[in-house]
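Guided by the hints, dock chain F onto chain V, whose structure is given.
Number of protein chains: 2
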Amino acid sequence: MQLILDFGNTFQKCAVFDRENMISDIKFEKISLNDIVDYTNSFPNIKSCILSSVMNTPEDIIDYLNHKFDFIELNSKSLIPITNKYSTPDTLGKDRLAAAVAVCKLAKGKAALSIDIGTAIKFDLVNSDKEYLGGSISPGLFLRFKSLHTFTAKLPLVDYNNLHSLIGTDTQTSILSGVMNGAIAEVNAFIEIYKSQYEGILIFITGGESIYFVNHIKSKIFAVSNLVLIGLNEILLFNE
Amino acid sequence: MQLILDFGNTFQKCAVFDRENMISDIKFEKISLNDIVDYTNSFPNIKSCILSSVMNTPEDIIDYLNHKFDFIELNSKSLIPITNKYSTPDTLGKDRLAAAVAVCKLAKGKAALSIDIGTAIKFDLVNSDKEYLGGSISPGLFLRFKSLHTFTAKLPLVDYNNLHSLIGTDTQTSILSGVMNGAIAEVNAFIEIYKSQYEGILIFITGGESIYFVNHIKSKIFAVSNLVLIGLNEILLFNE
Chain V
1 MQLILDFGNT
11 FQKCAVFDRE
21 NMISDIKFEK
31 ISLNDIVDYT
41 NSFPNIKSCI
51 LSSVMNTPED
61 IIDYLNHKFD
71 FIELNSKSLI
81 PITNKYSTPD
91 TLGKDRLAAA
101 VAVCKLAKGK
111 AALSIDIGTA
121 IKFDLVNSDK
131 EYLGGSISPG
141 LFLRFKSLHT
151 FTAKLPLVDY
161 NNLHSLIGTD
171 TQTSILSGVM
181 NGAIAEVNAF
191 IEIYKSQYEG
201 ILIFITGGES
211 IYFVNHIKSK
221 IFAVSNLVLI
231 GLNEILLFNE
Chain F
1 MQLILDFGNT
11 FQKCAVFDRE
21 NMISDIKFEK
31 ISLNDIVDYT
41 NSFPNIKSCI
51 LSSVMNTPED
61 IIDYLNHKFD
71 FIELNSKSLI
81 PITNKYSTPD
91 TLGKDRLAAA
101 VAVCKLAKGK
111 AALSIDIGTA
121 IKFDLVNSDK
131 EYLGGSISPG
141 LFLRFKSLHT
151 FTAKLPLVDY
161 NNLHSLIGTD
171 TQTSILSGVM
181 NGAIAEVNAF
191 IEIYKSQYEG
201 ILIFITGGES
211 IYFVNHIKSK
221 IFAVSNLVLI
231 GLNEILLFNE
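Chains as they are written, first to last, in our numbering: chain V, 1 to 240; chain F, 1 to 240.
With the rest of the complex left out, here is chain V (with noise of 0.2 Å):
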C-alpha cells in the first residue's frame, strides 16, 4: 500500500492507494503530524510515501514520512512515468505535472488533456508519445468574482450560482452571466481547439470548481475527483 500526500495552499489530501486502486482518501485544512499520524495507522500495510507540497511543510511531518515509510518528496528532478518538455520545470506546479501524468496513464497511448478547475483554471497537455507539452493558467470562479469586488470600487462579491442566463438584469445578476457564462464559454473553446490540433484527445477534468463546468461542457469529458492524488500515486509506483 502507498501513502499519496498533496498538500496545498487550502486543503492538504492525504489518500492510500493498493497499487493503482485509491482505497482511502481524507482532507485538512491545516494537517499535523497527529493527523497522519491517526490517519496511517489504520493502514498498517503501507510500504511507501509520496509528498507534493506547495507550503513549507513541517519538519516533524517530514522526518515521520522519512523514518516509517519508502518517502519521496516531489520535486522538478524526481524521475517521472512522462517525458517533461516545459521550458522551466523548476516552476512548474507539482499539481499540474501530477495531474499531466495521471491524464497520461487514464488515456492509455493517446493524447490527454488534464483541465483542474480549482483556484486557478489549468489546461495541461500530454501527447501520444507521452510527452508533457504545457498548457495554460487562467483565474478561476472565485477569483474572477473577487477581482471584481477587490479592484473596483463598486461591485459587490457575488457567489458561484448554477443559475445564470445570458443577459443579467441587476448587478448581482450581470456578474453571476459575465463569470460563471465566460468561464464555460472559455473551457469550451479551449477543448475544441485542442481537439482540432489533436485527434482522439481525452479530456478530463478535475478539481473542486469543475461542479459547475461539467454540464455545461460540450465535448465528451471524463470528470475525475482525484486527478493530482492519482498522477502521485503513480509517480511513486514508478520510483520503486
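None of these hints come from the bench; they were simulated from the model.
There could be a bad hint or two in this list.
Since the list gives no way to pick out one identical chain from another, each pair is judged satisfied if it fits inside one copy or across any two copies.
Said to hold, decoys possible - Okay, derived cross-link-like pairs now, DSSO-like style, lysine-lysine, Cα gap no bigger than 30 Å in a straight line:
{"id": "1", "residue 1": "K27", "residue 2": "K68"}
{"id": "2", "residue 1": "K85", "residue 2": "K154"}
{"id": "3", "residue 1": "K130", "residue 2": "K47"}
{"id": "4", "residue 1": "K30", "residue 2": "K68"}
{"id": "5", "residue 1": "K220", "residue 2": "K195"}
{"id": "6", "residue 1": "K27", "residue 2": "K154"}
{"id": "7", "residue 1": "K154", "residue 2": "K130"}
{"id": "8", "residue 1": "K13", "residue 2": "K77"}
{"id": "9", "residue 1": "K154", "residue 2": "K30"}
{"id": "10", "residue 1": "K13", "residue 2": "K146"}
{"id": "11", "residue 1": "K146", "residue 2": "K85"}
Only a predicted model underlies this, so the values are computations on that prediction, with no experimental measurement involved.
Quick look at chain F alone, frame taken from chain V:
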C-alpha cells in the same frame, strides 16, 4: 456646442461635441477645476454640459459647471432616449447606460450590443424597441493577471502581450495563454450567443483594453473608441 465629462476611477475624460460630432477630447489622471476652465476656454460656444461621475466630484467643479452652462449630472432619474428595463436602475453603472444609449443610436433601430473592455468586460444589450435589457460583467485582462498574482502563493504578475500561443511552455506563457486566449474565447462565445438570439444585431466594441481583442473577433464588429462619450452626448441632446 456641448461639454461632455466622464469621470471614472482611473481617468477623467472631457470632450466637446458640436451637435453629434465630437471635435475634441482630452484625458486627465486627476482632474481639477483649472483643467476644466483651461480646456473649455478654447471653446467659447459651449452652451450645455453633462457629467457622469463615479467619484465624489469636487464642489468647485459642480458649482462652475452649474453657473457656466446648462448643466445636468447623469443619475438613474435622468431622462434618456431609451427605455431602461434594468431591474435595479439605481445600481446600473452610468458608463454601461451611456454605452447602451450610444449603440442604440449607432444601430439605427436594430438590436445593438456594446462590448466595453476596460477594467471589466461589460456586455450591454439594447433591443430593436430601444429597450435596455442588461448584460454581463466579468474581469478585464489586467484584473485576471492581477488576481492570479494577488490571490495565489506563487504565480507572478504577468503583463499584456499579443503573443499568446495556445500551449504555454513556462509560467509566463501559460498565464498569457489562459488570460488572453480565455478572454478572447469568452468574448467570441458571447457574441455568437447574442447573434443567435437577436437577428441582425450590430456589435460595437470599445474600452481601453479592446485593442487586444479587435483582431481576434470572428464576427463583424464596429470598433468605436468613445462609446461612453457619444452616449453621454446623446443623453444631453435628448434633454435640451
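These are the hints, each one checked on the structure:
1. K27 - K68: Cα proximity of K27 and K68: one copy only (21 Å, versus 67 Å across).
2. K85 - K154: Intra 44 Å, inter 21 Å, cutoff 30 Å: inter-copy only.
3. K130 - K47: Classified as within: same-chain Cα gap 28 Å, cross-chain 71 Å, threshold 30 Å.
4. K30 - K68: So K30 and K68 pass the 30 Å test inside one copy only (21 Å; across, 64 Å).
5. K220 - K195: Result: close both inside a copy and across copies, 11 Å intra and 26 Å inter.
6. K27 - K154: The answer is between: 22 Å across copies meets 30 Å, while 36 Å in one copy does not.
7. K154 - K130: between (48 Å within a copy, 27 Å between copies)
8. K13 - K77: within (23 Å within a copy, 54 Å between copies)
9. K154 - K30: Only across copies: K154 and K30 sit 19 Å apart there, 34 Å inside one copy, limit 30 Å.
10. K13 - K146: both (25 Å within a copy, 28 Å between copies)
11. K146 - K85: between (33 Å within a copy, 27 Å between copies)
In summary, this structure violates none of the numbered hints.
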